[in-house]
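A.B. asks: So in the working numbering, spot 99 of the sequence shown is number 219, and the numbers just go up one at a time.
Just so you know, not all the hints are guaranteed correct.
To be verified - Using 20 angstroms as the maximum straight-line C-alpha spacing, the simulated DMTMM-like pairs for lysine to aspartate or glutamate come out as follows:
no.: 1; residue 1: Lys176; residue 2: Glu206
no.: 2; residue 1: Lys387; residue 2: Glu308
no.: 3; residue 1: Lys166; residue 2: Asp179
Unchecked claim - Quick list of the computed label-pair ranges, beta carbon to beta carbon:
no.: 4; residue 1: Phe261; residue 2: Leu369; range: 22 to 28 angstroms
no.: 5; residue 1: Cys337; residue 2: Asn203; range: 43 to 49 angstroms
no.: 6; residue 1: Lys122; residue 2: Glu346; range: 24 to 30 angstroms
no.: 7; residue 1: Ser375; residue 2: Arg224; range: 48 to 54 angstroms
no.: 8; residue 1: Lys227; residue 2: Glu346; range: 40 to 46 angstroms
no.: 9; residue 1: Leu384; residue 2: Asp283; range: 20 to 26 angstroms
no.: 10; residue 1: Ser294; residue 2: Ser320; range: 31 to 37 angstroms
no.: 11; residue 1: Met309; residue 2: Ser341; range: 17 to 23 angstroms
no.: 12; residue 1: Ser360; residue 2: Arg307; range: 37 to 43 angstroms
no.: 13; residue 1: Val356; residue 2: Lys287; range: 23 to 29 angstroms
no.: 14; residue 1: Val356; residue 2: Ile299; range: 39 to 45 angstroms
no.: 15; residue 1: Glu223; residue 2: Val127; range: 38 to 44 angstroms
no.: 16; residue 1: Ile241; residue 2: Leu384; range: 40 to 46 angstroms
Quick caveat, the hints were computed from the structure, so don't treat them as lab data.
Note that the structure is a prediction, hence the values are computed from the model and not measured.
From the three backbone atoms N, C-alpha and C, an ideal C-beta is built for every residue, glycine too.
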Amino acid sequence: MKIKTVVNGSSIEESPLTVIFVSERKKIITGLLKKIDVESGKRLSKIISEEEFNGKRGDSLLFNISLKKEDRKILLVGLGEENKIEIDTFRRAAGITYSKASERKVKEAALIILPELSKLINPYQIGKAIAEGFYLSSFEFNLQSKKEDKKKLDSITICVDTDDLKKKVKAGVSDGQKICEEVNYIREMVAMPANMMTPSTVAKKAKEIARRTGLKCKIISSKEAEKLGMHSFISVTKGSREEAKLIVLEYIPPSRSKSPCIVLIGKGITFDSGGISLKPSKGMHQMK
C-alpha cells in the first residue's frame, strides 16, 4: 500500500477513482471539486445535495459521471453529522473506501480532503486515521497462497488545497503507516498455527523487531526461568516438546523525562496445556 499527499488536482484526473468523504447533508462542492462538478454538468452537486446520498456515517455511493475527456468513477463515503465526527470516523471511512475500490478491482484512487473537514479534526489526526484505515483493511493472511492478489487497491493519493494542510496530513500518514506496518506484522504472527509459530520462532521475531527499532531484547530460557522460580510458567511448557522462552523488550528513552513511566506487558502464548474446561463454549472458535 502506497499513500502520498499532494497539493493539486492533477492526481484526481490521473486516477480511475475519485473518493470524497462527505458529512451529513452538507454541500461540499468547494476547492478541488469545482472543476469536476462543472465538467459533469453539475451532476456531482446534484447527487450530493439530493436524497440520492445524504452522507450518513458508513453510507457509500459509487457511480460514474461523464466529463469532457472521459468517464470517471466517483465514490462518496458518509461521515455522519458534523458534531459527531471523530478520528475513528476517518479510519472507518478509509476502510470502506478500500473495500469498495477493491470490489471493483480499482488499484489506484485519489482521495479529496475538503478544507472544511480539517476544521473539525486536526489534519495530522485525519492523515494518521486514514493511513490506519487503509493499512489495517488491506491486511490478508495468505500462508498457503503464493499468488498475490494484484486487483486490490494499493495506491492512494490524498489531495488537499494548501501546503500547510499537506504538511500536517503527510506527517499523520507517515506515523499511521509505521504503526500499522508493525500491527499487521504482529497480526500475521498471531494468525500462524502454533506448530509453526513456536516459542523459538517468536524469540527470533522479537530479536528482529529489536534490531530494526532500537529496542533492547532479552530472551529468558526455560533453565533461566526455573532458576528465577517461575514454576507456573515452566509447568505449562512441560506439555510441549518446545522449550519455553520469556521475551523482554525494553525501550530506554535517550533522555530522562518528568513524565510518568509507562510499562506495557504483552501476553503472547504459543501453547496452552489446559484451561479449556474453565472457559465458556461461546467464542471458543476464536481461540488460537
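A.B. asks: Take the hints in turn and mark each one as holding or not.
C.D. replies: So, going through the hints one by one against the coordinates:
1. Straight-line distance between C-alpha atoms of Lys176 and Glu206 comes to about 14 angstroms, which keeps the hinted pair within the 20 angstroms bound.
2. At roughly 16 angstroms between alpha-carbon atoms, Lys387 and Glu308 fall within 20 angstroms of each other, so this suggested pair holds.
3. With a C-alpha separation of about 17 angstroms, the suggested pair Lys166 and Asp179 falls inside the 20 angstroms cut-off, and the hint holds.
4. In this structure the hint that Phe261 and Leu369 lie 22 to 28 angstroms apart at CB holds, the actual value being about 23 angstroms.
5. For Cys337 and Asn203, the hinted distance range of 43 to 49 angstroms is satisfied, since their beta carbons lie about 46 angstroms from each other.
6. Range check, Lys122 to Glu346: Cβ separation about 49 angstroms, and the 24 to 30 angstroms hint is violated.
7. At roughly 50 angstroms, the beta carbons of Ser375 and Arg224 sit within the given window of 48 to 54 angstroms.
8. Under the hint 40 to 46 angstroms, the C-beta atoms of Lys227 and Glu346, about 54 angstroms apart, miss the expected range.
9. Between Leu384 and Asp283 the Cβ separation comes to about 37 angstroms, which falls outside the hinted range of 20 to 26 angstroms.
10. Range check, Ser294 to Ser320: Cβ separation about 34 angstroms, and the 31 to 37 angstroms hint holds.
11. Our hint of 17 to 23 angstroms for Met309 and Ser341 holds, since their Cβ atoms are close to 20 angstroms apart.
12. Taking 37 to 43 angstroms as the suggested C-beta distance range, the pair Ser360 and Arg307 does not conform, at roughly 24 angstroms.
13. Our hint of 23 to 29 angstroms for Val356 and Lys287 is violated, since their Cβ atoms are close to 51 angstroms apart.
14. With their beta carbons about 31 angstroms apart, Val356 and Ile299 fall outside the hinted range of 39 to 45 angstroms.
15. The hint said 38 to 44 angstroms for the Cβ distance between Glu223 and Val127, and at roughly 30 angstroms that hint is violated.
16. A hinted range of 40 to 46 angstroms for the beta carbons of Ile241 and Leu384 is inconsistent with their spacing of about 27 angstroms.
Checked against the numbered hints above, the structure violates hints 6, 8, 9, 12, 13, 14, 15 and 16; every other hint is satisfied.
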